[in-house]
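*Asks:* Here are the chains, one letter per residue:
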Amino acid sequence: MSDKHNAGDVPTTGHVWDDDLGDYINQPPKWWMLGLTASAIWVVVYWIFYPSIPLSNGGSFFPGVGGWTAIKEMEADKSVVDEVRGKYEAKLKDMTPAAILADGDLTEYVTRSGKVLFGDNCAACHGQNGVGTKDKQGLFAPILNDDDWLFGGKIDDIHTTIVGGRQGMMMAHKDMLSPEEVDTLANAVAAGTPTATPLFTDKGCVACHGADGKGMQAMGSANLTDSVWRFDSSVEGIKYTINNGVNAGTPETRVAVMPAFQGAKLSDAEIKKLAVYVYKFGGGQADAQVAPAAQ
Amino acid sequence: MNQEVKKEEVPQQEAGEVTTIYREFETWTVNMGDKTIHAKRMSGFFRTFKDRAQLALWLPFFLFPYVRWNGKQAILFDIDHRQFHFFNLTVLPQDIWMLSLILLVAAMTLFAVTSVASRVWCGYFCFQTAWTDWFTWIEEKIEGNPTARRKLETAPWDADKIKKKGLKHMAWAALALLTGISFSIWFVDAFDYWNSLIHLQLPLVGWVTLFAFFAGTYILAGLLREQTCIWLCPYARIQAVMSDAQTIMPTYDYTRGEPRGKIRRGAEVVAPQGDCIDCFQCVQVCPTGVDIRNGQQLGCITCGLCIDACDSIMDKIGKPQGLIRYASLDELDGKPAKKMYQHPRTLVYIGIITLALGGIVWGLTHLGSMTLKIMHERQPLYVSMSDGSIQNKYDFKLLNKTDKDFQVKVTAEGGIKDQIIIGAEHEPVIHHGRGTSFTIFVKAPGKFANKDVTPIQFRVESVNDPMVFAEYTSQFYAPKK
Chain A
32 MSDKHNAGDV PTTGHVWDDD LGDYINQPPK WWMLGLTASA IWVVVYWIFY
82 PSIPLSNGGS FFPGVGGWTA IKEMEADKSV VDEVRGKYEA KLKDMTPAAI
132 LADGDLTEYV TRSGKVLFGD NCAACHGQNG VGTKDKQGLF APILNDDDWL
182 FGGKIDDIHT TIVGGRQGMM MAHKDMLSPE EVDTLANAVA AGTPTATPLF
232 TDKGCVACHG ADGKGMQAMG SANLTDSVWR FDSSVEGIKY TINNGVNAGT
282 PETRVAVMPA FQGAKLSDAE IKKLAVYVYK FGGGQADAQV APAAQ
Chain B
2 MNQEVKKEEV PQQEAGEVTT IYREFETWTV NMGDKTIHAK RMSGFFRTFK
52 DRAQLALWLP FFLFPYVRWN GKQAILFDID HRQFHFFNLT VLPQDIWMLS
102 LILLVAAMTL FAVTSVASRV WCGYFCFQTA WTDWFTWIEE KIEGNPTARR
152 KLETAPWDAD KIKKKGLKHM AWAALALLTG ISFSIWFVDA FDYWNSLIHL
202 QLPLVGWVTL FAFFAGTYIL AGLLREQTCI WLCPYARIQA VMSDAQTIMP
252 TYDYTRGEPR GKIRRGAEVV APQGDCIDCF QCVQVCPTGV DIRNGQQLGC
302 ITCGLCIDAC DSIMDKIGKP QGLIRYASLD ELDGKPAKKM YQHPRTLVYI
352 GIITLALGGI VWGLTHLGSM TLKIMHERQP LYVSMSDGSI QNKYDFKLLN
402 KTDKDFQVKV TAEGGIKDQI IIGAEHEPVI HHGRGTSFTI FVKAPGKFAN
452 KDVTPIQFRV ESVNDPMVFA EYTSQFYAPK K
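Chain order of the listed sequences is A and B.
Position in the first sequence (first residue = 1) + 31 = the working numbering.
Position in the second sequence (first residue = 1) + 1 = the working numbering.
The shape of chain A in the complex, shown without the other chains (with noise of 0.2 angstroms):
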């Protein structure tokens, strides 16, 4: 490959250096030169056939012939992964939230799938993976991986929840009931014995939190006998609750509003699939209750 000459056989360029250092005119070698004439030539095509020349139009160019543009390649590279995921997609279109829970390598798709769908659209309140997000006055928007659920946690409440969005509501009480009286409520609540005082029957509050107190799915009202509270669980919280309610028309009431996802927001596969993957956040309550296995 190299083409060897020996030193005195090529003429020099005539110029000398420090007494004796010559520049010898040799040829560079011949696959080097082929090499430089071969990337030369790949330049030339390349420019052809790729987006190249500016031109002086307003921000328009020369496409090149061969069509690439960027976002095509990022179609191509989609549809490798749209061909993965289809044949789940297209086999849970036709089936229900509780079908696809009970098919295993549709969960496994859904849970491994899910997250950049439940980032989009419902980590903003809920927090990443469902951990609820706080504001000053307590849970801004309900853990999802708890086992209390104030609509229902089996997997089609899950998914009515979704599509239909929910809306809490309780009437501010300030008006109706004395401070002593809002008081004695709110020392029994947060000491999760809400029945042990008579108020709680006689001023009406079993009519959403029912008689035990543990609240009513239908309405959404909270159970207030258990661990686990929508907003802040100290007494002067409690108070501040029942004193403004939920939703109740008030600046000072406590807020507790999730929108409807159903049409424009999100598809009917969309919604199905995020309510199998909050269901398998480990709070989701199966439809027959499944005695767990013991240790």
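There could be a bad hint or two in this list.
What the hints assert, rightly or not - Label-pair distances were calculated between CB atoms; the ranges are: (1) Phe449(B) - Val266(A): 20 to 30 angstroms; (2) Glu426(B) - Met126(A): 15 to 25 angstroms; (3) Glu472(B) - Thr100(A): 52 to 62 angstroms; (4) Leu100(B) - Phe92(A): 30 to 40 angstroms; (5) Glu139(A) - Gln380(B): 12 to 22 angstroms; (6) Ala249(A) - Asp388(B): 18 to 28 angstroms; (7) Ala249(A) - Ile97(B): 51 to 61 angstroms; (8) Asp206(A) - Lys374(B): 58 to 68 angstroms; (9) Lys482(B) - Met126(A): 40 to 50 angstroms.
Hint data in this document are derived by calculation from the structure and do not stem from the laboratory.
Where a beta carbon is used, it is the ideal one built from N, C-alpha and C, also for glycine.
Based on these hints, arrange chain B on the given structure of chain A.
*Replies:* For chain B alone, coordinates are given in the frame of chain A:
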């Protein structure tokens, strides 16, 4: 300084002296591949040894892929399915760390052997020298002995030359093709491969591999030959630093051979003369074209063929054999040979080999049937449930290394009192040959969860066979109290 003096003084140089390094430099001839080396083939001990060693190592390369075992190929590096089959053993990518130990053993064996007996690998076993040897053997069968070959090279392109050259290159191409095929069938089923090849239905990667190894063999063994050893091969250079004064290698005994000179029958002996009669047989048989009488050098692959040549000449002139022989520099200088334990470098190499072999044996006997990895959910670390209990979430990843699917049950030791495991009640199926994952929840009463982190050891075992199991220690997180 005249030529004679140089030749005498070169072997006696003291290492590290700048002047002697440059003096040696003047006598170097650098083989740039300008002329094809046509080495003479002479029979002898090392010729036979080289022939047999080459065949012993490389015949299995051609034949092993056809060995069947339980209806499957006995040794198959199944890249498509990411499995390595070795008779009854199946190694999955997770155990590939053993490959690094195998490579370590190979490298250290090369080092150890080289430090004791110089480039044994190069001379007798290396695919480059083996294939080159076979290619030149074909050349000799078709074109004749070295003299005839040199003549043919300068001859005009007549029918005879075209016939001989064409035949030779076809034979070379056939061997190169067989090499490419034999390489490929270590990675795909041999009989399937031949079937696809004959029907010209190999996948693109198959054609590229075949062509690469066909062209590689043809160019490296047919055209480049010793140039590969001198200019391309990194091991040639690396091995040079592993030999020292105690390393034995084919060496010209200059104390006995010099001053060299032709024997003149019946002539008066006017000057003292060594045993070397300057017959150049050692140079003519050398496959890399070096003159061993110049001493240890990069071009020498220590194949011992010059020893065979010299011994046959010594027999003819009635001198004892061994003017060129396996000897160390110390031996030539009359220093006593060192004991094995005085050669610490070799002992270190052997030590590393032993450790690595131990690792491989341990790995092969502890392959296991199942591996388990558990990742604790990072967010949230724990969930407070409505009944006051604490729930943790774990992502189980299992790899079933057996060849059957089976169901598993999940148990745990440690953790929190009265904890329950949720999520494996249905005894999930673990598919063979690929990963399976599922989610497990552990729920424990909050009153017992007193520490923020408690170790918990999970055990996953096959429902049918309790010996097929895997364990993994994770943590149970609870609120700080």
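*Asks:* Evaluate each hint against the coordinates.
*Replies:* These are the hints, each one checked on the structure:
no. : hint                                      : in the structure
1   : Phe449(B) - Val266(A): 20 to 30 angstroms : holds (27 angstroms)
2   : Glu426(B) - Met126(A): 15 to 25 angstroms : holds (23 angstroms)
3   : Glu472(B) - Thr100(A): 52 to 62 angstroms : holds (53 angstroms)
4   : Leu100(B) - Phe92(A): 30 to 40 angstroms  : violated (50 angstroms)
5   : Glu139(A) - Gln380(B): 12 to 22 angstroms : holds (20 angstroms)
6   : Ala249(A) - Asp388(B): 18 to 28 angstroms : holds (22 angstroms)
7   : Ala249(A) - Ile97(B): 51 to 61 angstroms  : holds (58 angstroms)
8   : Asp206(A) - Lys374(B): 58 to 68 angstroms : holds (60 angstroms)
9   : Lys482(B) - Met126(A): 40 to 50 angstroms : holds (44 angstroms)
In the structure shown, a violation is registered for the earlier hint numbered 4 alone.
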